[in-house]
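Chains A and B, in that order, are what the protein sequence lines are. Note that my numbering has the first sequence beginning at 112, numbered continuously upward. Note that my numbering has the second sequence beginning at 112, numbered continuously upward.
Don't read these hints as lab results, they were simulated from the structure. Accuracy of the hints is not assured; some may be wrong.
Chain copies aren't distinguished; within one or between two, either way the pair holds.
Unchecked claim - Below, in silico cross-link-like pairs of lysine-lysine (DSSO-like), each with a Cα-Cα straight-line distance of 30 Å or less: (1) LYS120 with LYS170; (2) LYS191 with LYS417; (3) LYS385 with LYS204; (4) LYS191 with LYS441; (5) LYS277 with LYS300; (6) LYS273 with LYS431; (7) LYS225 with LYS452; (8) LYS273 with LYS304; (9) LYS304 with LYS277; (10) LYS270 with LYS304; (11) LYS304 with LYS470.
All values derive from a computational prediction rather than experimental measurement.
What follows is each chain in one-letter form.
Number of protein chains: 2
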Amino acid sequence: MAGTRKRRKIQMNSETEQELKGIVRNILESINSGEIPELHLPSRTRDNIVLDQLTSVWKYGESTTRRSAKSLDGAEYLVKFLYVIDFIIEMLKTNKSSTLREMYYISEGWDLAKFGSQGESDLLAEDLEVISKLLREDFKLRPEENGASIIGDITIEEKNRKGDFKTINCKDDVGDGGYTIPYNVEQEKLHLKTHGANFVMAIETGGMFDRLVENGFDERFNAVLVHLKGQPARSTRRILKRVNQEMGLPIYVFTDGDPWSFRIFGSIAYGAIKTAHISDHLAVPTAEYVGITASDILNYNLPTDKLTDKDVNALQSELKDPRFQTEFWKAEIETMLSISKKAEQQSLAKYGLDYVTEKYLPDKLGELGAA
Amino acid sequence: MAGTRKRRKIQMNSETEQELKGIVRNILESINSGEIPELHLPSRTRDNIVLDQLTSVWKYGESTTRRSAKSLDGAEYLVKFLYVIDFIIEMLKTNKSSTLREMYYISEGWDLAKFGSQGESDLLAEDLEVISKLLREDFKLRPEENGASIIGDITIEEKNRKGDFKTINCKDDVGDGGYTIPYNVEQEKLHLKTHGANFVMAIETGGMFDRLVENGFDERFNAVLVHLKGQPARSTRRILKRVNQEMGLPIYVFTDGDPWSFRIFGSIAYGAIKTAHISDHLAVPTAEYVGITASDILNYNLPTDKLTDKDVNALQSELKDPRFQTEFWKAEIETMLSISKKAEQQSLAKYGLDYVTEKYLPDKLGELGAA
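The following block holds chain A by itself, in its conformation from the complex (with noise of 0.2 Å):
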């Protein structure tokens, strides 16, 4: 086992509770002292994340913007900013949480405060984030749906409502349905124990992963295998980091083959845009892809689509991400464009149920020195 020495520590509502009144101290310390109080937050966006040598992955950059209570917006920003963790000081003393969408519903009682979207309240748990080096999960706010599934020779403990740990081994003690993730995943919640697995294959569909499982492909090879139903929830990316990082196994990425599935790596391995604050904390660095390319299409014969306006557009994006600026990416995103299909993982299905684990799998796997 890798060394888990990175391990995020353990986080306590008291310390989120005086972390986040340390903020507003300082808020209020401005405008005791006659100051206009503002916030300084990095820039969200793709042209103000940068490769962080140190860890590979990728952060934001130098580049800011500013919430101050000079404009009428930015005053009624600070003031929904103080309501927001007004609210969730209250969640942390009463051990309660509440999803995003709730948070919205619940601004419908602070007057002047409420929010205009769910959109708003989002970005704002978001900002919160950033200025305090905390996590959503440690504000107790967490997304509407999550439920990606892991099956595989992995055992951990969950913490119940009761406070008390329970041990389930995702092979030995799930359905076929697997091991359903929680949204929270952190050490305070779910421990990793022991595994006897080689490295983990995270599929986009659920089609894709319960054709491995039919197939016994995590049984033959000794993998996990773990759903990741669509684009990844952060509690999906942040158990294969902390599954990569404490128990050293690697991830294999297998899926689709277009610009969005293309972007799912991209938030595995090298960090999400608007999650780049977090990008140590979920991004794996180390993750390969085995999904379906440009090449693939070409190579396999498989049956397509025609790009669509928005592929098209998505790709062309791609190209100027400084997350795909490398030959493997270019050329791939390059010859998409040039022969305008995609391709799904489940067409591989056109040589039979048996070839993704007979051929196409085994044959990446062993490019990549994997099997």
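The hints should help you fit chain B onto chain A, whose structure is shown.
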């Protein structure tokens, strides 16, 4: 526990194979006796569903459509039909299964019988169910995604890949994500053993499912919570039916307040239009609606969104839908049209995170004589 006499018998692969071969034999006999082969199917539209008085579920009426080899389209259809049967028999023999999407891609190798779209192959799979009176599960065809989940005191046995049955209590043996419902929940795969519950609460959104879990609603009311994940998959509706029938537990359905949520309830309680040939198998006519209504929007003064044109069309279509011709539904649909507003179940958070479990649901269940 209620009687289990209606429990569906275990369907063996060899029996399914015989059934399918019988259909092929009929087609062959037509050809041998010089007739043009054809298939007759009930038409699967809103205008051809009728209430079955005996079982109180909606089934197809007398109107039929015909697939005859006399036309080029009909002949192509019959060839595809035979290819699909051949593919299914192959799976039955090798103990494999396939997603509907994989079957569509598999048809790439069928020359002229290749499907033009997945819609076409899905429809043919449904036709085959209607003609054979068997289930998609018997054909080893499964949908792309499932993964709805259960939390509560209900114990099941699920057969794993090796053919062993594993016992899982959906309260004590699972993490916070709950037990994931597999795609096949028929008797040969899943046994319902024991329970310690008073009723089942089926919930549309993940946010509300987690809210009820966090607030301990399941423990306080002895409830089994089922997360529907939007429009429920067949396996989710089937397990609700089995829990209702075999364990005698009442089903309450808690959804958003909009026309799509009314349809979710309709598909659970009355049967869906597309699957009316198996309404007996899926629908729970005694299911009760405790979701958000137009009256709730007014009485609780809930945060709302304006109806879109699509919402209005869907509501108007429901006014003509034979399943919604009750006083309750006609009044609620007309009220929603007149106020031109819809509301989500999470909008109850306007009154705090506990309001739904302290006030809203106890009131609704009280009205229904359940709490």
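Now for the hints, and whether the structure bears them out:
no.: 1; hint: LYS120 with LYS170; in the structure: within (21 Å within a copy, 58 Å between copies)
no.: 2; hint: LYS191 with LYS417; in the structure: between (45 Å within a copy, 25 Å between copies)
no.: 3; hint: LYS385 with LYS204; in the structure: within (29 Å within a copy, 49 Å between copies)
no.: 4; hint: LYS191 with LYS441; in the structure: neither (43 Å within a copy, 41 Å between copies)
no.: 5; hint: LYS277 with LYS300; in the structure: both (10 Å within a copy, 26 Å between copies)
no.: 6; hint: LYS273 with LYS431; in the structure: neither (49 Å within a copy, 49 Å between copies)
no.: 7; hint: LYS225 with LYS452; in the structure: between (45 Å within a copy, 19 Å between copies)
no.: 8; hint: LYS273 with LYS304; in the structure: both (20 Å within a copy, 25 Å between copies)
no.: 9; hint: LYS304 with LYS277; in the structure: both (12 Å within a copy, 22 Å between copies)
no.: 10; hint: LYS270 with LYS304; in the structure: both (13 Å within a copy, 26 Å between copies)
no.: 11; hint: LYS304 with LYS470; in the structure: neither (33 Å within a copy, 41 Å between copies)
Comparing the model with each earlier hint shows violations of hints 4, 6 and 11; every other hint is respected.
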